[in-house]
Amino acid sequence: MTLVDATVVAGYTVGDFLLLAAAGFVVLAIGMLYRAVKGPTMQDRVLAVNVLGTNTVVILAILAAALSEPTFLDIALVYALLNFLMAIAISKFTVERGGVL
Amino acid sequence: MTGTSLLAAAAGNLLPTVTPAAPVPAQVTAVEGSLLAFVVLTALATALARDVLAAVIVFGAYSLGMAALYTFYRAPDVALTEAAISAGVTTVLLLLTLAKTTRIDHDVAFESVNVPAVGAVGLLFGGLLLTMGDVPAVGSPDAPVWSNPDVTQWYLSESYAQTGVDNTVMAVLAAFRGFDTFGEAVVVFAGGIAALIVLHREVFA
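Protein sequences appear in the order of chains A and B. Letter by letter, the first sequence follows residues 112 to 212 in my numbering. Letter by letter, the second sequence follows residues 860 to 1064 in my numbering.
Please keep in mind that the hints were generated in silico from the structure rather than gathered at the bench. Mixed in with the good hints there might be a few duds.
With a cut-off of at most 25 Å between alpha-carbon atoms, the simulated SDA-like pairs for lysine to any residue come out as follows [claimed, not checked]:
(1) A/203 - B/945
(2) A/203 - B/1060
(3) A/149 - B/906
(4) B/959 - A/196
(5) A/203 - B/1025
(6) A/203 - B/966
(7) A/203 - B/986
(8) B/959 - A/127
(9) B/959 - B/912
(10) A/149 - B/953
(11) A/203 - B/1010
(12) B/959 - A/198
(13) B/959 - A/206
(14) A/149 - B/909
(15) A/149 - B/958
(16) A/149 - B/1060
(17) A/203 - B/1041
(18) A/149 - B/903
(19) A/203 - B/973
(20) A/149 - B/912
(21) A/203 - B/1012
(22) A/203 - B/953
(23) A/149 - B/1054
(24) A/203 - B/964
(25) A/203 - B/962
(26) A/149 - B/961
(27) A/149 - B/956
(28) A/203 - B/977
(29) A/149 - B/907
(30) A/149 - B/973
(31) A/203 - B/956
(32) A/149 - B/911
(33) A/203 - B/963
(34) B/959 - A/142
(35) A/203 - B/960
If you want the footprint, here are the derived chain B segments under chain A, 3+ residues with CB under 8 Å [to be verified]:
(36) 888 to 900
(37) 912 to 918
(38) 982 to 992
(39) 1012 to 1025
(40) 1040 to 1048
Idealized CB from N, CA, C, for every residue including glycine.
All chains should be built: construct the whole structure from the sequences, respecting the hints.
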C-alpha cells in the first residue's frame, strides 16, 4: 500500500484528491485560454500559451503521482522543454519576421 | 501519419509496455470532463480564429490538452508523440510557413460561421454519437480488440518468443511489419529531400 492509496477522509484516497487537484488545474487552464484566444496582442497570446504549458507540466506531474505511473514524468519533462521552444519561436517570429529558428 | 508512427516507435522503445488499465472508476471523470472541455474549446477557437498566427498559438494550447488527455488514458507513448510533433514540430513548421508568406491583419477576431455547414456537420456528429452506446468501456477486458485470441493475444504471447523484443509495440513496428516501417522511413526521407529541393538548399541546416 503506497501513499497514493492511503485513505484520507470518507473512503477517498490521496490519489482521488490528486486527481481532483488535476481537474482544478484544468479548469484554471480553461480560464487561461481566454487570454490566448482574446489577445489582443500577440505578446498576450505567447504569455498565455507559456502559462498554459507550465500548467500542463503541473497537470502531467500530478497525473503521474495520482495514477502511480512515474514514467509519465518523462512526458512532463518533454513538455517543459517544448513549451520553452514554442515561446521562443513565437516570440522571435513576432519580433523579427522570418526568423523562427 | 508516417512520421508520427515512427516517433511512436522511438517512444515505445523508451517506455515500458502499458498494460490495459482497469476500467476507469467513476470519480476520476472530473479530470476527463474538464480536459475534454478544454480540448473542445481550443479546437473551436482554432477553427474560428480569423488571425492565422492566433490560430497557430491556440492550436499549441490544443495539443497541450490532448497530451494531458492521452496521459490520463495511460498512453504515454502517444502523449510523447503528440508533444513532440504537434506542439513542437507543427508549431515551428506553421510559423516558418507564415514567415515565408504573408499574414493579413484583420479587424475582426473571429470567422463568421456558415450555418448550413454547421448543421450538416452537427447531423453527422449526432449520427456518429448514436453508435457510441455499443463501444466497450475504456480498459474493459471484454473489448474485442483486447480479448481477441487470434490477433492481440497472439502478438502479446508470441512477440517475445519470435522477435526477442520486450515491447510488443516495438516488436510489431520493427519486426512483424518491419518492411512497412522501412517504407515509412523512405517516405519521410523522400519528403525531406523534396523540401530541400523546393527550398534550393544542399543540406538540412
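(request) List, from low to high, the hint numbers that the structure doesn't satisfy. (result) Structure breaks hints 5, 7, 8, 11, 16, 17, 19, 21, 23, 28, 34, 38, 39, 40.
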